[in-house]
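Going left to right, the sequence shown walks through residues 1 to 91 as the UniProt record's numbering numbers them.
Do not rely on the hints blindly, as some may be mistaken.
No more than 25 Å apart at the CA atoms, straight line, and that leaves these computed lysine to aspartate or glutamate pairs for DMTMM-like [said to hold, decoys possible]:
| no. | residue 1 | residue 2 |
| --- | --- | --- |
| 1 | K60 | D84 |
| 2 | K65 | D25 |
| 3 | K40 | E61 |
No lab work stands behind these hints, which were simulated from the structure alone. These numbers were taken from a predicted model, which means no experiment stands behind them.
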Amino acid sequence: MQADDGHIIVDVRRQDEYDSGHIPDAILIPNESIDIYQPKELPDLDQIILIYCRSGRRSKEAAQKLVDMGYTNIYEFGGIIDWDGEIVTDP
1 MQADDGHIIV DVRRQDEYDS GHIPDAILIP NESIDIYQPK ELPDLDQIIL
51 IYCRSGRRSK EAAQKLVDMG YTNIYEFGGI IDWDGEIVTD P
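Produce the complete structure using the sequences and hints provided.
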């Protein structure tokens with residue numbers, strides 16, 4: 001989901017991890033699914049994209065893959081384990 005200021009938050013963990021708790025409005029794009037093709041959920045190469053995972057390893061890897069694809073505003077902010085804000089769960 002895109003925020004009012006134009007950024008999008010991407011959770012690159014697995015589905016089960018996402019379901020157990022994620023940052024509000026984050027969309028799930030598992031790191032393993034990011035390959036050589038532009039993710040359909042991220043059509044704008046210039047959009048501000050904030051990426052996180054559990055501890056920071058997968059988000060760093062996913063961020064690099066997206067930069068390699070031509071995305072220009074990628075911000076990797078580590079893991080949800082360091083997140084002090086709200087967490088939501090899916091039923």
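Comparing the hints with the structure gives:
1. With a C-alpha separation of about 20 Å, the suggested pairing of K60 with D84 holds against the 25 Å cut-off.
2. For a cut-off of 25 Å, the pair hint linking K65 to D25 stands: about 22 Å separates their Cα positions.
3. The straight-line distance between the Cα atoms of K40 and E61 is roughly 19 Å, inside the 25 Å bound, and the hint therefore holds.
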